[in-house]
Amino acid sequence: MQPSQTPPRANLAGWLYVSPLVLVLVPFFVAPILVVLAASFFATDGFGGLTPGFTLASYVEVLHSALTLKLYLATIKFTVLTWIFTLIIGFFVAYFLVFHVRNQLLAIGLFLLCTVPFWTSNIIRMISWIPLLGKEGLINQALLGLGVIRQPLEVLLFSDLAVVIAYVHQLTIFMIVPIFNSMARIDKKLIEAAIDAGASRFDIMRLIVVPMSKSGIALGTIFVVSIVMGDFFVVKVMSGGGSASVVSAFYEDVGVLQYPNAAASAVLLTLVLVAIVSLILRTVDIRQEITR
Amino acid sequence: MKKDRGDIELAGVCKSFDGATYVVDGVNLKIADGAYCCFIGPSGCGKTTILRMIAGHEDPTAGEIVIGGQNVVGLAPVQRRTAMMFQSYALFPHLTVRENIAFALRVRGKSKADRLRAADAMIEKVRLTQFADRLPAQLSGGQQQRVALARAAITEPRVLLLDEPLSALDEQLRVQMRQELRRMQRELGITFIHVTHTQLEAIALADLVVVMEQGKIKQAGAARDVYAHPHDRYVAEFMGGQNVLSGRVEKVNGASFTLAQAAPDGIEVPLQARSTVSVGDKVDIAVRRDDVALVRPGKDLPPGCTTSLPSRVLAIEYQGYFVKVMLDTVPDDEFVAYVPEKTFFADPFTVGDVVMATWATGSALPLA
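Line by line, the protein sequences are chains A and B. Just so it is clear: in the first sequence, position 232 is 232 by my numbering, and no numbers are missing. Just so it is clear: in the second sequence, position 278 is 278 by my numbering, and no numbers are missing.
Pulled out of the complex, with its shape left as it was, chain A reads as follows:
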């Protein structure tokens, strides 16, 4: 046998190694995407019936609609706000856990504490904001009691503010975990070496910790951005129906049996997300950072 040729046996072993992943990815990821992609090119009779064929009508309709742009702007606003707050909170929580909690057992305990909100369902977590933010809620009551305001603040619940609060509440953990992970791998000696060189706390954060947590920040960003951009439920519940996101539009389309339009919107959103993620991966070489 020639050494340059891969022996058939090794080839088979290689396929066996990837087969579990293929078995999961093909039916649950590749196939649905292909179905959606196909549906986006089909024609419809307007009552849920699909005519196989190839037409760009749905794309033309989606791209021509003024609503699409409005929804994308609204979604991007939620995404950016959520990203900023989760990043700031997530970074400092991770920083505190890694660099200020000396006892490792305590750090792991506090880390687990961050996951406590996830012991209950998403809906319960959102509903639990009502007694806090509502018209008769704790915050309004307190502010009224202190005499800071005369009228209860309406902006607290069923508003864009409430949407962002709910997102930040839900998604900060997705920032904490990857940032914690990349920070925990920073050798403590590097911090000491920086102090020895005369670096202040701020210098250390700016010149050592942030650059070395880049991969964690990028991963967390991908999680947060893709979840917010792909969500409609939180927007629907927390805005009280006052705001919508890209996904709410195609949820409505599905509700009125406009499948090709919904599919075209979904394909468009997927392309936008792929573009955003590749932009993030372009700025941070996650693969290289992780294997470092």
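These are calculated hints, taken from the structure and not from any lab test. Any given hint could turn out to be false.
Unchecked claim - Computed, partial: chain A to chain B, Cβ under 10 Å:
no.	residue
1	D187
2	K189
3	L190
4	A194
5	D196
6	D203
7	I204
8	L207
9	I208
10	P211
11	M212
12	K236
Said to hold, decoys possible - Which chain A residues stay away from chain B? Per the calculated CB distances, all over 10 Å, these:
no.	residue
13	K70
14	Y72
15	F85
16	I195
17	G230
Glycine is no exception: its CB is placed at the ideal position from the N, C-alpha and C atoms.
Given chain A's structure and the hints, the job is docking chain B onto it.
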């Protein structure tokens, strides 16, 4: 401009991490300005803790640390004008060689042009010019070590502290980098404090060797003093090159005393000024391994030798310029003779031979 003095004085320095056990226990030491000082001892003896206290990364529980006449306890490393080179270097992995070396200047607010000029001059000094734009991971161990040295030296510290700087290198490189350290120290003209657990490294480099055990200084002095005149059994065994024997004093006669041993007439030891012994005392003595001569039984002893101990050869190791002969001379302790190669092969012994181990009486050294 008068150069800042880098002389160091440790006065009663103690360190305890848990309040019960002392890692450093009452250390007093003076290190002259511009000296090369090596702390040596087994791991856990407190040598690194002392270094970190001088550097300002650890505060002493008690005592004073004085650098250039100023008590520096509580001051930040920058205010002490010390710089530390860390074990395994702690180079910033995301910065290039140039950025690593310029780091201290950057956080001190030097302009970009200034700091890059200074960094490039330092890079040239450690001969890394062609690697200036590489990341630390793309360098060999020896090159990383030079980057670490340059990064520490760029702030023009008055004291440079090195924590086991050579331990990550392989043997050949270690000897080479050892010379480079010494060269840098002469060039910079500042105090170097170097922590190591290798005695060869310590005696090759240091003006002042400090031997430590369990948080205390066992002996501090010039390399030759510590090696040739160890204070006690611990130092003698740790520095190596000595045979340590113990026994009871049989009789004291004028300038020497006799130690009871397996030898027919005991061992005669010159009485040195510092030791006063009386009959019955248990005493340790040291005899340098290269002072021991081996003669076949029945032959005359070399001149000056009054003691001879019958021994059996246990093992022989050829070491190049000498031959290491291990003997069963004393029951519990190792006894080794380093015989010059030519002498050994003029009349070679084999394992199992019976020989007489002897040495010039004057070379035996009573230990404290």
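* Is the shortest C-beta separation between I204 (chain A) and chain B less than 10 Å? -> holds, 9 Å
* **I195 (chain A) non-interfacial with respect to chain B [C-beta, more than 10 Å]** => violated, 6 Å
* Does M212 (chain A) pass the interface hint, meaning its C-beta sits closer than 10 Å to a C-beta of chain B? -> holds, 6 Å
* Consistency of the no-contact label for G230 (chain A), given chain B and a CB cut of 10 Å -> holds, 32 Å
* Asked: Should the interface hint for D187 (chain A) be scored as holding, given a Cβ-Cβ cut-off of 10 Å against chain B?
  -> holds, 6 Å
* Closer than 10 Å between Cβ atoms is the bar; does K189 (chain A) clear it against chain B? Give me holds or violated. => With Cβ-Cβ at 4 Å, under 10 Å, it holds.
* To do: Please settle this one: K70 (chain A) was flagged as non-interface, so is its CB more than 10 Å from every CB on chain B?
  => Consistent with the label, K70 (chain A) stays out of reach of chain B, its closest Cβ about 41 Å off (over 10 Å).
* Asked: Holds or violated: P211 (chain A) as interface residue toward chain B, Cβ cutoff 10 Å?
  -> Holds. Min distance 5 Å.
* Given K236 (chain A) was flagged as interface, is its beta-carbon under 10 Å from a beta-carbon of chain B? -> violated, 43 Å
* Asked: Closest CB-CB distance from Y72 (chain A) to chain B, is it above 10 Å?
  -> Holds: least Cβ distance 35 Å, greater than 10 Å.
* When the least beta-carbon distance from I208 (chain A) to chain B is tested against 10 Å, hint result -> It holds, given that the least Cβ distance between I208 (chain A) and chain B is near 6 Å, below 10 Å.
* Can the hint on L190 (chain A) be confirmed by a CB-to-CB distance to chain B that is less than 10 Å? -> With a minimum Cβ separation of about 5 Å from chain B (threshold 10 Å), the hint on L190 (chain A) holds.
The structure fails hints 12, 16 (numbered hints given earlier, in ascending order).
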